[in-house]
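S.K.: Each chain, written out:
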Amino acid sequence: MSKGNNKSVMKIENLQAKIGDKQILKGLNLELEAGKVHAIMGPNGAGKSTLSKAIVGHYDIEILGGDITYKDKSILEMEAEERALEGIFLSFQHPVEIPGVNNAYFLRTALNAKLKHQGKDELNAAEFLRLMKGHLEMLGMKSDMISRSLNEGFSGGEKKRNEILQMLTLEPEVIILDEIDSGLDIDALRAVSEGINKMKDGKRTFLVITHYSRILDYIEPDYIHVLKDGKVIKTAGPELVPYLEEHGYDGIEED
Amino acid sequence: MANEGLDKAVSGEYALGFEIDIETDIIEPGLDADTLAFISKKKEEPEWMLELRIKALKKWETMTEPHWAHLDYEPIDYQSISYYAAPKEMIDSLDEVDPKILEAYEKLGISLDEQKQLAGVKVAVDAVVDSVSVKTTYSAELEKHGVIFCSISEAIRDYPELIKKYMFSVVPMADNYFAALNSAVFTDGTFVYIPKGVRCPMELSTYFRINATNTGQFERTLIIADEGSYVSYNEGCSAPTRDEHQLHAAVVELIILKDAEIKYSTIQNWYPGDETGKGGIYNFVTKRAICEGENAKVSWTQVETGSAITWKYPSCILKGDNSVGEFYSVAVTTLAQQADTGTKMIHIGKNTKSTIISKGISAMKGQNTYRGLVKINASAVGARNYSECDSLLIGSECGAHTFPYLESKDTQGQIEHEATTSKISDEQLFYLRQRGITEEDAVSMIVHGFCKQVFSQLPMEYAVEAKALLELTLEGSVG
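Respectively, the protein sequence lines represent chains A and B.
Position one of the first sequence corresponds to residue 421 (the numbering used here), numbered consecutively onward.
Position one of the second sequence corresponds to residue 22 (the numbering used here), numbered consecutively onward.
Where hints are given, some of them may not hold.
As the list claims (entries may be wrong) - In silico lysine-lysine, DSSO-like type, Cα no more than 27 Å apart, as pairs:
hint, chain 1, residue 1, chain 2, residue 2
1, A, K579, B, K473
2, B, K63, B, K156
3, B, K488, B, K143
4, A, K536, B, K63
5, A, K438, B, K444
6, B, K62, B, K109
7, A, K446, A, K553
8, B, K473, A, K553
9, A, K618, A, K651
10, B, K374, B, K430
11, B, K444, A, K579
12, A, K553, A, K618
13, B, K365, B, K473
14, A, K456, A, K654
15, A, K654, A, K438
16, A, K431, A, K654
17, B, K473, A, K562
18, A, K442, B, K444
Said to hold, decoys possible - In silico negatives: residues of chain A with every beta carbon more than 10 Å from chain B:
hint, residue
19, S428
20, K442
21, E453
22, D487
23, I495
24, P519
25, D541
26, L551
27, E557
28, F574
29, I606
30, E614
Stated by the list, open to error - Now the stretches of chain A that chain B is said to cover, found in silico as 3 or more residues with beta-carbon under 8 Å:
hint, region
31, 471-481
32, 507-515
33, 526-534
Bear in mind the hints are in silico, worked out from the structure with no lab data behind them.
Every residue gets a Cβ at the ideal spot worked out from N, C-alpha and C, and that includes glycine.
Produce the complete structure using the sequences and hints provided.
M.R.: Structure (structure tokens):
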């Protein structure tokens, strides 16, 4: 995909990483083109979630070698919150519940941390609620969702919508969606996809990590990367999806 | 994960450790009948009070210090403590308070100047320094409503009938070792009487300050809510940073008559000592309320962040039919602090109801124990209790322990108990950090969420204080 005139926003080079004693990423190379939708597909255990965790600086991951650069700077030494403030967002596969922490309070704290980081004015409660109203409607979320405790007692679908609500609010530049479609019924999938598509503006970059191709019917990818055994073994256009549907990952030949 | 970061985040510096630079009248350490005579004389007490003190001392001398609590501390030498210390009075004006004390209270965020308080948020304050009450505000205004709000020493002189009737009626003189000690040597504390049908027009409060070295503080508080009355009372406390331990052994008695209600809130912020366990207050307190009449209600809310050792079980005797007892507690132990705290709910009357919400937070080497008793007598037909005891661990060196005791003689009684222990999980912290929130803010957010049920019970201005205090205790004031 290295077409010379397209700008890459993130570059992962020869990344090797382990979780516990097990090396998962074994020299992974990936370049994310700004403004495009990249889908990462691959069998279970290929290292898809490990890749997303490595990008956001999760403590589980130990980097053994290689580099991740974001806007031409290495981010490996950056704290997780710094990476977030710089515009990298992960929609979690399993969002945690945090009892007693009001969802709106949490979101406003996060948004204001980001605005402050950008040297902008923080939002007061009224301005924030106005912003929320539109997002909630679009995602088909009840307005009481933001006055409840963060993810506590949320259904699987509600948790995923809440991830998208955070994404819409924080307006990140690189968005990693880790199995966003898992556990979603068709209505939730549609609402979530609509939220994601709304964020597509030609500048934001998406990394859609998925095991199934279902989500790709809703969010059209520009590139498909096949991840196997800790490496990207193939990069192609969306035409690869039906082939994968039919033949699975075994028949893929390395580039 | 980042254990160092967490430790830094939870080893907040004690902000109130300053010393008030005043001259102090202090007696020689030691405890015998002469000590009691000295205290009694200083307080200008009637003879009968001294006799009661001596009786208490005799009982105390036959008792032994209890060690059933999950606490580990060096033995207390009761003869090395000085039992009376008071700021020297200024010679020229008897009614005036030393400006240095006023200044110190301002620093603690408490105004003793009635004129200076903002309109609409009047809070009457009894200010106690070491063994004496230095000032009680709004007494005159409260008197117009028939409310008595004064120091216990004054009450002994001015309202002997109420004292004779109610003191020792809820916490008997020899109830336990520390209560017996207090009964002998108690110095100051607050007395409140709310007459029939009166809703106390403002929040009442007492602020206890230990200032002198080598002393203990032994205050006694007595609050009586007559039929159909209501009062919200709040207490706070703090002490200078010192290397040696200081003993605080208080007794609080609450009497709630028919249809009356007392809401009693505590923000305990005694000096906690350092991370090696050096210094800090030993806090051994007996607090008990009796709902004497029908439909009486008492609610204890406590936020315990200070002290090296806390031994405290604010309890409710639910004697009147349909009476209600509540206990809401947040206890934080960080550094090398140890707390053994909880409540006793004694159901005697019919359809009595009690609620226990206890939240223990442990960090660093802190040890936190919940110990609670729910007792339902055979007479308490239709009694109900709900208990919830949650512990939150921050880091891996701290501990949380839960000892719930249940005794039910009424087979119809409903007792519900829920207990959880959770760690601030790495996943929770990471989730918040991935949204751009710093680790310190993330810890504080999770802890506040955990305490929400209890904080919501505090009067507004104290809830704000409690939140800020928790932040100081757990977040570290080092920038």
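S.K.: Taking the hints in turn, state whether each one holds.
M.R.: How the hints compare with the structure:
1. A/K579 <-> B/K473: holds, 22 Å
2. B/K63 <-> B/K156: Within the cut-off at roughly 17 Å; holds.
3. B/K488 <-> B/K143: holds, 21 Å
4. A/K536 <-> B/K63: With a Cα-Cα distance of about 59 Å, the restraint between A/K536 and B/K63 is violated, given a limit of 27 Å.
5. A/K438 <-> B/K444: With a Cα-Cα distance of about 25 Å, the restraint between A/K438 and B/K444 holds, given a limit of 27 Å.
6. B/K62 <-> B/K109: Status holds; Cα separation ~16 Å.
7. A/K446 <-> A/K553: Violated, at roughly 45 Å.
8. B/K473 <-> A/K553: holds, 26 Å
9. A/K618 <-> A/K651: Violated, because 31 Å separates the two Cα atoms, which is more than 27 Å.
10. B/K374 <-> B/K430: Satisfied, since the Cα-Cα distance of roughly 15 Å is no more than 27 Å.
11. B/K444 <-> A/K579: The hint holds at about 22 Å.
12. A/K553 <-> A/K618: Since the Cα atoms of A/K553 and A/K618 sit roughly 16 Å apart, the hinted pair holds (cutoff 27 Å).
13. B/K365 <-> B/K473: Satisfied, since the Cα-Cα distance of roughly 22 Å is no more than 27 Å.
14. A/K456 <-> A/K654: Satisfied, since the Cα-Cα distance of roughly 17 Å is no more than 27 Å.
15. A/K654 <-> A/K438: holds, 22 Å
16. A/K431 <-> A/K654: holds, 16 Å
17. B/K473 <-> A/K562: holds, 23 Å
18. A/K442 <-> B/K444: holds, 26 Å
19. S428: Given a closest Cβ separation of 23 Å, the condition holds.
20. K442: holds, 18 Å
21. E453: holds, 23 Å
22. D487: holds, 21 Å
23. I495: Its Cβ never comes within 10 Å of chain B, the nearest being 13 Å, so this holds.
24. P519: violated, 6 Å
25. D541: holds, 16 Å
26. L551: holds, 16 Å
27. E557: holds, 22 Å
28. F574: Since the minimum Cβ distance to chain B is about 13 Å, A/F574 lies beyond 10 Å and the statement holds.
29. I606: About 27 Å separates A/I606 from the closest Cβ of chain B, which puts it past 10 Å; holds.
30. E614: holds, 22 Å
31. 471-481: holds (count 3)
32. 507-515: holds (count 4)
33. 526-534: Answer holds; 5 residues pass the 8 Å Cβ test.
In summary, the numbered hints that this structure violates are 4, 7, 9, 24.
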